[in-house]
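> So you can see what is in the structure, the chains are spelled out below.
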Amino acid sequence: MGGRASLIMVIGFAIIFGIINLNLARLSNTSVSSMVGYNESSTSRTVANAGANVGMAMLADNFFRPHGVLLDQNFATGPFAKSGFTISWDSIATDPLKPYLMLKSISRCTTFTKQGGQFYVIRDTVEVRFDCTRSKSFSTLGWMSNNEGNVFFIEGDSLWGNIHSNSNIHINGKAVFMGKVTTSGGFDPKISTKKKPTDNKAIFNGGWEEGVQERPFPNDLSDVIAIARNTTYSTLEPSHTNSRATNIWVELDPGTLAEQNGKAMIYTVAPCTTVVNWVDKWGHSHSDTYIEPGRGVKIDEMPLDSTTNQSIYTTENVYVSGTLDGRFSIAAGKDVIITNDIRYEREPNPKLPLYDPVNQTTTDMLGLIARNNVRIADNLANNANDLFLDAAVFALTGSFEADNYNGRDVEGKIRLIGSIAQNERGAIGNFSGDELNNGYLKAYRYDTRLDNPDKEKANPQSTQPPGFPGFSSPGPLKVISWWESTREPFDFQKFE
Amino acid sequence: MDIMMASVFGGVITMITINANLVIREAWAGFNSQLMVQQMLISNAQIVESEFRNMGCGLDVTVPAVTMARDTCIEFRMSLRPDPQYTPSTIKYYSGAASELTSTDNPDDRFLYRQQDGGALERVGIITKFNMVYYTMANDTIPTPVADPGSINIIEVTMEVQNPFVYFIDMSGKKHYASALWKQTRLASQNLRR
Numbered sequence: 085m086g087g088r089a090s091l092i093m094v095i096g097f098a099i100i101f102g103i104i105n106l107n108l109a110r111l112s113n114t115s116v117s118s119m120v121g122y123n124e125s126s127t128s129r130t131v132a133n134a135g136a137n138v139g140m141a142m143l144a145d146n147f148f149r150p151h152g153v154l155l156d157q158n159f160a161t162g163p164f165a166k167s168g169f170t171i172s173w174d175s176i177a178t179d180p181l182k183p184y185l186m187l188k189s190i191s192r193c194t195t196f197t198k199q200g201g202q203f204y205v206i207r208d209t210v211e212v213r214f215d216c217t218r219s220k221s222f223s224t225l226g227w228m229s230n231n232e233g234n235v236f237f238i239e240g241d242s243l244w245g246n247i248h249s250n251s252n253i254h255i256n257g258k259a260v261f262m263g264k265v266t267t268s269g270g271f272d273p274k275i276s277t278k279k280k281p282t283d284n285k286a287i288f289n290g291g292w293e294e295g296v297q298e299r300p301f302p303n304d305l306s307d308v309i310a311i312a313r314n315t316t317y318s319t320l321e322p323s324h325t326n327s328r329a330t331n332i333w334v335e336l337d338p339g340t341l342a343e344q345n346g347k348a349m350i351y352t353v354a355p356c357t358t359v360v361n362w363v364d365k366w367g368h369s370h371s372d373t374y375i376e377p378g379r380g381v382k383i384d385e386m387p388l389d390s391t392t393n394q395s396i397y398t399t400e401n402v403y404v405s406g407t408l409d410g411r412f413s414i415a416a417g418k419d420v421i422i423t424n425d426i427r428y429e430r431e432p433n434p435k436l437p438l439y440d441p442v443n444q445t446t447t448d449m450l451g452l453i454a455r456n457n458v459r460i461a462d463n464l465a466n467n468a469n470d471l472f473l474d475a476a477v478f479a480l481t482g483s484f485e486a487d488n489y490n491g492r493d494v495e496g497k498i499r500l501i502g503s504i505a506q507n508e509r510g511a512i513g514n515f516s517g518d519e520l521n522n523g524y525l526k527a528y529r530y531d532t533r534l535d536n537p538d539k540e541k542a543n544p545q546s547t548q549p550p551g552f553p554g555f556s557s558p559g560p561l562k563v564i565s566w567w568e569s570t571r572e573p574f575d576f577q578k579f580e
Numbered sequence: 600m601d602i603m604m605a606s607v608f609g610g611v612i613t614m615i616t617i618n619a620n621l622v623i624r625e626a627w628a629g630f631n632s633q634l635m636v637q638q639m640l641i642s643n644a645q646i647v648e649s650e651f652r653n654m655g656c657g658l659d660v661t662v663p664a665v666t667m668a669r670d671t672c673i674e675f676r677m678s679l680r681p682d683p684q685y686t687p688s689t690i691k692y693y694s695g696a697a698s699e700l701t702s703t704d705n706p707d708d709r710f711l712y713r714q715q716d717g718g719a720l721e722r723v724g725i726i727t728k729f730n731m732v733y734y735t736m737a738n739d740t741i742p743t744p745v746a747d748p749g750s751i752n753i754i755e756v757t758m759e760v761q762n763p764f765v766y767f768i769d770m771s772g773k774k775h776y777a778s779a780l781w782k783q784t785r786l787a788s789q790n791l792r793r
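Here the protein sequences line up with chains A and B, keeping their order. Under this note's numbering, the first residue of the first sequence carries the number 85, and numbering increases by one thereafter. Under this note's numbering, the first residue of the second sequence carries the number 600, and numbering increases by one thereafter.
Excised from the complex, chain A in its bound form (with noise of 0.2 Å):
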């Protein structure tokens, strides 16, 4: 009796811990899930960012990467085993005008929980988004080419601020480069060295690079072109036409003294003659008569400010002169022509520092902007004097240089603040030597404003003409935005 009555009693122990004991191992178990479950979240989105890296350095490596997966990766073994990634690149066209790129990183990571009698994938994502528009401006360089041709840069050029040319540079002589000068492909001749002396004895005050990435010239004038079609004015003053198909001529006037009240006048462009008179040295009359593009109608009068962005442009060619007070950009489907002077109510001072008065308080800028060549017209108004040129110079197909350089008279300097980039180094002068036969000497000095970085921190856009092109740096990459996908907290007890 009493030993069936101990055999119950110890049976009814064992069932009754037995049932505890499962309890507690069911919740211990829960438990351990719960966090196996949070370090499985972990670990997704930690592949999700793993993966966003190194599309960044795939990317930093190669910018010009097709679009498309970049990289799918499982991991099989190590902290991220069971678990992968697959990385995408693609372009995002939200708005045409700003497009952005995209890196793409979607995780999966295998979770030790069934459903459906699958193993249950999570999944992260991490979008890292890239500002394509434009990294740097082309006025960010004192001089830029896109192809020097067979020019070269010879004893007496001085060039000031960062000089780069995606062809090779060709240098004859003692050049001076106040700047850093940059070149995709290489210096010809080499620089001469001690054990190797050649021709290019170039002073490069500011360092030098060859094989560079190449700064990509834009396939249109699409920025400037959507200022100009964007520009708005008061009510007072709705009828402006910033955006036009014939060729215009362009006179910048300043108005008074005052800042704001710049204008540019809009003239219909019309042939003018004009006859000069002169005796030569055997006391022989002449009478020259020239044929050339003048002034015809006006036909607006656009009010110009530093503080608002504005351009014009037209599909044809655009005359330009004039003193400017503002800020502005003319851009031209065909060619810019400069028939006067242009410059700046309030000239920057290049030989003094950024931070000095002078080059704070204005606030004056130009961009001359042309799909094929920006030329200096060969005319009375630019002939046998100096040439006085205060803008940033934008040639997309073509060139800067002056008309019949190599039959011209002898004129003067061109003497000019701000920058050039141009697609194909173009000429504005006939050297015999040192002996200038025809056209122009250089006298180029960068305007300093254009390449300010504490300005260009806080507002790139007020460092370059309205609408000035611009180039995607190949790397570091600009990030706009780093975004990771959001989880409800996962509960494990859901699944299998």
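I should point out that these hints are in silico values taken from the structure, not numbers from a laboratory. Mixed in with the good hints, there may be bad ones.
Claimed, not checked - If you want a taste of the chain B side facing chain A, the calculated C-beta under 8 Å gives, among others:
hint : residue
1    : W627
2    : I641
3    : P663
4    : T666
5    : R676
6    : S678
7    : N790
What you are looking at is a predicted structure, and each value in this text was computed from that prediction instead of being measured. Glycine is no exception: its CB is placed at the ideal position from the N, C-alpha and C atoms.
For chain A, the structure is supplied; the task is to place chain B on it using the hints.
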């Protein structure tokens, strides 16, 4: 004699059973509390972590992401969608007062609040501690309240969740609550590092 021996054995067995029951109840309560607390903490942590990691998303690099930073309160801006055209929102996280939760045994528990664009307060969960330490890019600690939120590069978040109810009172009368601590060291949004 038999009756006495039976009483002694019966008493011993009863004592053992009662003691075992107490131990089991304590262990069970502890496990249960720990489980609940862990799940609450993980839930809170995942919500906070997900949102903190996107801090500054969609903002211009010149605009500071964090607008206000104290040790128990943070306000920041971020876009809730990855699309850069999406208007960024202002999100605020802070721990409420302990006096708001007097109905529970635990005197330290409080709500963790989330507020979006100055709208209605959302209760993310119940916590006992929600502390933040801020670091500069040079890894220097920034004293709170942070005078220049733009200098914040890394945020260290510490969150503790305790069970609202006591699971054990020891011999000295001290109440014990199941507790879990989450410390996300150096939580840094990639957007703060641009």
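> If a hint holds in the structure, say so; if it does not, say that too.
Cross-check of the supplied hints:
1. W627: holds, 7 Å
2. I641: Holds: closest Cβ of chain A sits about 5 Å from I641 (chain B), inside 8 Å.
3. P663: violated, 14 Å
4. T666: Hint on T666 (chain B): violated, closest Cβ of chain A at ~18 Å, above 8 Å.
5. R676: This interface hint is violated because 12 Å lies over the 8 Å limit.
6. S678: holds, 7 Å
7. N790: holds, 5 Å
In summary, the numbered hints that this structure violates are 3, 4, 5.
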